[in-house]
Amino acid sequence: MNALVILLFGVVAIAAGYFVYAQIINRRVIQPDEKKATPARMFMDGVDFTPANRNVLFGYQFKSIAALGPIIGPIVAVQWGWLPALLWIIFGTFFIGWVQDYSSIILGVREEGQSFGALSYRLISPRSRSILITFIYFYLLLIMGAFGTQVGFGLLINPAVPVGVILVILVGLLAGQMTYKWKVDILITSVVTVILAFVGIWIGTTAGVKGAVTGLLGITQDLPTGPKMFLEVTQAKLIGSLLVVVICYFGSVLPIWRWAQPINYVAFWIVSIGILGGLIGLLIWRPGMGDFPAFTEFNVKGLGPLWPILFVTIACGAISGWHSLVSSSGTARQLEKETDALYVGGGAMFFEMFFAIMAFLTATVAFGSFDGYKAAGAAAAVFSKGLSIFMNQWGLDSLLGEGFGVAYGSVFLTLMALTIMYLVVRFMRVASAEALGDQVPVLRNSVIGTLLALVLTLALIWLVPFLQIWVVFGAANQLMASLALLLATLWLMSKGKNYQWTLWPFLFMFVTTIGALLYKAYEALMINLPKTADPVANKITNVGQYTVAQIIIGGVALVLVIAAFMLAWDAWQAFERFRRAKAANAETGA
Amino acid sequence: MKQVLVEVICLAPEDWGLCSVCQTMMTQAGIGAHSSASSLNDLPPEWKQKLDAISEWIFNTVKRYGTQVMVRVYDPRSLPGLLRSLRYGVHTYPAFIIAGRQRVLGLDVQQLDAALAVCGLQPCEVEGTP
Chain A
19 MNALVILLFG VVAIAAGYFV YAQIINRRVI QPDEKKATPA RMFMDGVDFT
69 PANRNVLFGY QFKSIAALGP IIGPIVAVQW GWLPALLWII FGTFFIGWVQ
119 DYSSIILGVR EEGQSFGALS YRLISPRSRS ILITFIYFYL LLIMGAFGTQ
169 VGFGLLINPA VPVGVILVIL VGLLAGQMTY KWKVDILITS VVTVILAFVG
219 IWIGTTAGVK GAVTGLLGIT QDLPTGPKMF LEVTQAKLIG SLLVVVICYF
269 GSVLPIWRWA QPINYVAFWI VSIGILGGLI GLLIWRPGMG DFPAFTEFNV
319 KGLGPLWPIL FVTIACGAIS GWHSLVSSSG TARQLEKETD ALYVGGGAMF
369 FEMFFAIMAF LTATVAFGSF DGYKAAGAAA AVFSKGLSIF MNQWGLDSLL
419 GEGFGVAYGS VFLTLMALTI MYLVVRFMRV ASAEALGDQV PVLRNSVIGT
469 LLALVLTLAL IWLVPFLQIW VVFGAANQLM ASLALLLATL WLMSKGKNYQ
519 WTLWPFLFMF VTTIGALLYK AYEALMINLP KTADPVANKI TNVGQYTVAQ
569 IIIGGVALVL VIAAFMLAWD AWQAFERFRR AKAANAETGA
Chain B
26 MKQVLVEVIC LAPEDWGLCS VCQTMMTQAG IGAHSSASSL NDLPPEWKQK
76 LDAISEWIFN TVKRYGTQVM VRVYDPRSLP GLLRSLRYGV HTYPAFIIAG
126 RQRVLGLDVQ QLDAALAVCG LQPCEVEGTP
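These protein sequence lines map, in sequence, to chains A and B. Count the first sequence with our numbering and you get residues 19 to 608, in order. Count the second sequence with our numbering and you get residues 26 to 155, in order.
The set of hints was computed from the structure by calculation and includes no laboratory data. Positions of the beta carbon are idealized from the N, C-alpha and C atoms, including for glycine. A hint or two may mislead.
[Claimed, not checked] Derived list of chain B stretches under chain A, where covered just means 3 residues or more per stretch with a C-beta under 8 Å from a C-beta of chain A:
| id | segment |
| --- | --- |
| 1 | 99–108 |
| 2 | 113–122 |
[Said to hold, decoys possible] Here are some chain B residues the structure puts well away from chain A; computed CB gaps all over 12 Å:
| id | residue |
| --- | --- |
| 3 | PRO69 |
| 4 | ARG89 |
| 5 | LEU132 |
| 6 | ASP133 |
| 7 | VAL134 |
| 8 | ASP138 |
| 9 | GLN147 |
| 10 | CYS149 |
[Unchecked claim] Below, simulated EDC-like cross-link-like pairs (lysine to aspartate or glutamate); rule was C-alpha separation at most 20 Å, straight line:
| id | chain 1 | residue 1 | chain 2 | residue 2 |
| --- | --- | --- | --- | --- |
| 11 | A | LYS53 | A | GLU130 |
| 12 | A | LYS355 | A | GLU129 |
| 13 | A | LYS201 | B | ASP133 |
| 14 | A | LYS319 | A | ASP389 |
| 15 | B | LYS73 | A | ASP203 |
| 16 | A | LYS355 | A | GLU52 |
| 17 | B | LYS88 | B | ASP138 |
| 18 | A | LYS513 | A | GLU605 |
| 19 | A | LYS513 | A | ASP51 |
| 20 | A | LYS515 | A | ASP51 |
| 21 | A | LYS355 | A | GLU130 |
| 22 | A | LYS513 | A | GLU129 |
| 23 | A | LYS199 | B | ASP77 |
| 24 | A | LYS515 | A | GLU594 |
| 25 | A | LYS53 | A | GLU354 |
| 26 | A | LYS515 | A | GLU129 |
| 27 | B | LYS75 | A | ASP203 |
| 28 | B | LYS27 | A | GLU52 |
| 29 | A | LYS549 | A | GLU250 |
| 30 | A | LYS199 | B | ASP67 |
| 31 | B | LYS88 | B | ASP133 |
| 32 | A | LYS54 | A | GLU130 |
| 33 | A | LYS81 | A | GLU354 |
| 34 | A | LYS201 | B | GLU71 |
| 35 | A | LYS199 | B | GLU71 |
| 36 | A | LYS557 | A | GLU541 |
| 37 | B | LYS88 | A | GLU129 |
| 38 | B | LYS27 | A | GLU354 |
| 39 | A | LYS355 | A | ASP51 |
| 40 | A | LYS201 | B | ASP67 |
Pulled out of the complex, with its shape left as it was, chain B reads as follows:
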């Protein structure tokens, strides 16, 4: 069965801003609190909740459909994210593009599940495998 690509276009927290210098230093030196977590906690509360919800949906989807689905996250402030926003005419985030055809704006779980079902995805019987 062909893998279905789900492109998620949403603002993503950058670990230490757009530059990875400090994050890398932290990792290599083995010091400092988890920088990504710290960056996430810095966000305004409503953004943090939104990102937590998107993250949860992505992990649940991967768990549910295993290798039938491939999820990619794009920040619209990056060049690939910006190009996708233009290509799919997306102006509000998060936006979910399923198999390059169906567009779901906002995190509407029912609508997303329906869109995945249209692609013929079946929940896994055993976790992680189709």
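Same shape as in the complex, but just chain A:
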């Protein structure tokens, strides 16, 4: 199938989903009122509650929901074949994704901007808030592990990439200095720093620099990731993961204006220009799928069975629990009018679906064959190489030198991940200080709190294989989505509104997520762990590491399953409560 047909299919799905299905739900069920005061207008405090223009809010929502998730998920999932992945991206968004994002905003707006914790406490049970907080801690660590593995073990081991990333970060620091200290015009700052960032990426690809980095990483033709240092960590992977940790350390302890903000600003331009360049290349090229199979097999080695694992492998891009957090707190508190909710929540989700289809195409059409895709390496490497192939259709490499496109794609993706990661570390540091600061006062020290978060991250990256982290991360994400849909269903019930459009997506996501987590726990503890009895036959090079990895993944999956069942039990009781109240009201009315 031709890439343009797939893009067209995506556009038609967006049109039908947004302009037909979503509009029907919006008009008949939610019935937003333009004149009704939103929390942003009622509680305007200039900080959390601030009315914002719907276009600005659309940008905020999209920026917050689209990170590495919609890129990595589809690229990993095409191992089942392109058809299941494409169908889930499109139908997941159509029937569930926008439903969750939109209903979360509406829930936040109609319930005075209350957080999910507060809503769970009120609508489900008091202990559901504690479950939510526990879940969030696991979720953050899994984000660090999943993104850290892709960047540290995948992207930064390419000798053309590390210097480019470091130089772009230095350019970001220059942007901060120019803006806040030298007070240079933003337009001049933007032009100068974006040009310097491109020069920095180019310097990383020059023969001299690449040669020096190759030596540092210990890379040879026979040892493409360098000699092994410990566990399964090679010299290149050790340096890559430590570079991630150092960057995250500075991002966590330095003031926002000095590090995170200006680097993110430069990264925004690098990413935007890359997406535009890739899309233009794709439209010029119009490639087909080649021999990429529509379906490979039901049970893919390393991942698991299509159901339920595919549905947690692609989270962002189809449906993601993370979106509900953004929608219910940030966006709902800034919505100027109720009528903007569908445009912001639904619109941004459909736009993200388009982004996921772009990532899907880098895996399925860029390499011309299934073997080409498999040979391209880790998911992040597939994207960076695929994007460079698209950009080379209009001659990027011939303009800036052989290998520039891949380096650019890799720096692009590294920055996308790092800009999230150092802020997640920042959160983990504050959270550990608040949660355990009384019992362990040393955690109040920002350096100690940051180091603790980074040590946990390194342990996850070094010990656990990426695919296992990714699937459990996806499952944790989808568990959050189930909770959001459950809250929306209970809220609709409590208001006497039609709740079928959130109930069925909730049931599907809940059953699927529990299935995925149980499968992963079973696989880790009952299939993989017993293999250590015969490490030679099962090709296990380090029994200790393998054992710890399986226990971590199995344990985390089980904790999430228990949390989900506790929530389901409490929710069932809440469901019965609402039903009894409704029946009592009907009797009183009669």
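Based on these hints, arrange chain B on the given structure of chain A.
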């Protein structure tokens, strides 16, 4: 009476950088000090003073003119802010664009009040209503 739009183009503190991941997590989990306040306090002192002054002017203006005025703040580092900077030819911040026509550069309260008066705005008799 037609509402007068006041567009303020100025560098705004981002709560946790340009990404809202951590801020959202903090809010949902109900832990952590107020992230926005922490981000604001991190700024160099002269920037903090400047932002406090702009914030005070915005709140006073809204209080004074109620629904006659609509204030929107744009960071020039965002796409909408950048486009507005280009459209109005603004190179120094803060910049105030009143009703899409009058341009006031810097926080000059007298000049701003005069520009609002030109648009026919009258202070509210009762707070929050025209």
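To see whether the hints hold, each was checked on the structure:
Interface restraint, the segment 99–108 of chain B with chain A: holds (7 residues with C-beta to C-beta distance below 8 Å; minimum three). Remark: the segment 113–122 of chain B is confirmed as covered by chain A, as 3 of its residues place a Cβ nearer than 8 Å to a Cβ of that chain, reaching the required three. Not every C-beta of chain A lies more than 12 Å from that of PRO69(B), the closest at about 6 Å, which undercuts listing it as non-interface. In this structure ARG89(B) is separated from chain A by more than 12 Å, as the shortest Cβ-Cβ distance comes to about 15 Å.
Even its closest Cβ contact with chain A, about 15 Å, leaves LEU132(B) beyond 12 Å, as expected for a residue assigned away from the interface. At roughly 18 Å from the closest C-beta of chain A, the C-beta of ASP133(B) stays outside 12 Å, upholding its exclusion from the interface. Every C-beta of chain A lies more than 12 Å from that of VAL134(B), the closest at about 18 Å, which supports listing it as non-interface. The beta carbon of ASP138(B) sits about 20 Å from the closest Cβ of chain A, which is more than 12 Å, so the claim that it is off the interface holds.
Every Cβ of chain A is farther than 12 Å from the Cβ of GLN147(B); the closest lies at roughly 22 Å, confirming the non-interface assignment. With a closest Cβ-Cβ approach of about 16 Å to chain A, CYS149(B) is found to remain outside the 12 Å limit, as its non-interface label requires. With a CA separation close to 15 Å, the supplied pair LYS53(A) and GLU130(A) stays within the 20 Å bound. Taking the CA atoms of LYS355(A) and GLU129(A), the gap is about 14 Å. The hint holds against a cut of 20 Å.
Between the alpha carbons of LYS201(A) and ASP133(B) the distance comes to roughly 19 Å, so the proposed pair stays at or under 20 Å and holds. Our distance criterion of 20 Å between C-alpha atoms is met by LYS319(A) and ASP389(A), whose separation comes to about 16 Å. The hinted pair formed by LYS73(B) and ASP203(A) meets the criterion: a straight-line CA distance of about 18 Å does not exceed 20 Å. For the hint pairing LYS355(A) with GLU52(A), the CA-to-CA distance comes to about 5 Å; that is within 20 Å, so the pair holds.
For the suggested pair LYS88(B) and ASP138(B), the alpha carbons sit about 13 Å apart, so the restraint of at most 20 Å is met. For the given pair, LYS513(A) sits about 17 Å from GLU605(A) by alpha-carbon distance, which is consistent with the 20 Å threshold. Pair hint LYS513(A) plus ASP51(A) holds up; C-alpha atoms about 16 Å apart against a cutoff of 20 Å. Taking the CA atoms of LYS515(A) and ASP51(A), the gap is about 16 Å. The hint holds against a cut of 20 Å.
Only pairs whose Cα atoms come within 20 Å are accepted, and LYS355(A) paired with GLU130(A) is accepted, the gap being roughly 13 Å. About 12 Å separates the Cα atoms of LYS513(A) and GLU129(A), which keeps this hinted pair within 20 Å; it holds. A C-alpha spacing of about 18 Å is found between LYS199(A) and ASP77(B), which places the hinted pair at or below 20 Å, so the restraint holds. Between LYS515(A) and GLU594(A), the direct Cα distance comes to roughly 16 Å. Compliance with the 20 Å bound is thereby established for this hinted pair.
Between the alpha carbons of LYS53(A) and GLU354(A) the distance comes to roughly 10 Å, so the proposed pair stays at or under 20 Å and holds. Taking the CA atoms of LYS515(A) and GLU129(A), the gap is near 15 Å; set against the 20 Å cutoff, the hint holds. In summary, the hint linking LYS75(B) to ASP203(A) is supported, as the alpha carbons are separated by about 16 Å, within the 20 Å threshold. Among the hinted pairs, LYS27(B) with GLU52(A) is consistent with the structure: their alpha-carbon atoms are about 18 Å apart, no more than 20 Å.
Our distance criterion of 20 Å between C-alpha atoms is met by LYS549(A) and GLU250(A), whose separation comes to about 18 Å. Between LYS199(A) and ASP67(B), the direct Cα distance comes to roughly 14 Å. Compliance with the 20 Å bound is thereby established for this hinted pair. Simply put, LYS88(B) and ASP133(B) have alpha-carbon atoms about 18 Å apart, close enough for the 20 Å limit, and the pair holds. The hinted pair formed by LYS54(A) and GLU130(A) meets the criterion: a straight-line CA distance of about 12 Å does not exceed 20 Å.
Proposed proximity of LYS81(A) and GLU354(A) is supported: the alpha carbons are some 19 Å apart, at most 20 Å. This hinted pair checks out: LYS201(A) and GLU71(B) have alpha carbons roughly 11 Å apart, not beyond 20 Å. With a C-alpha separation of about 10 Å, the suggested pair LYS199(A) and GLU71(B) falls inside the 20 Å cut-off, and the hint holds. A C-alpha spacing of about 17 Å is found between LYS557(A) and GLU541(A), which places the hinted pair at or below 20 Å, so the restraint holds.
Annotation: proposed proximity of LYS88(B) to GLU129(A) is violated, straight-line Cα distance about 26 Å (limit 20 Å). Among the hinted pairs, LYS27(B) with GLU354(A) is consistent with the structure: their alpha-carbon atoms are about 18 Å apart, no more than 20 Å. In summary, the hint linking LYS355(A) to ASP51(A) is supported, as the alpha carbons are separated by about 8 Å, within the 20 Å threshold. Proposed proximity of LYS201(A) and ASP67(B) is supported: the alpha carbons are some 17 Å apart, at most 20 Å.
Figure legend: structure checked against the earlier numbered hints; hints not met, in rising order: 3 and 37.
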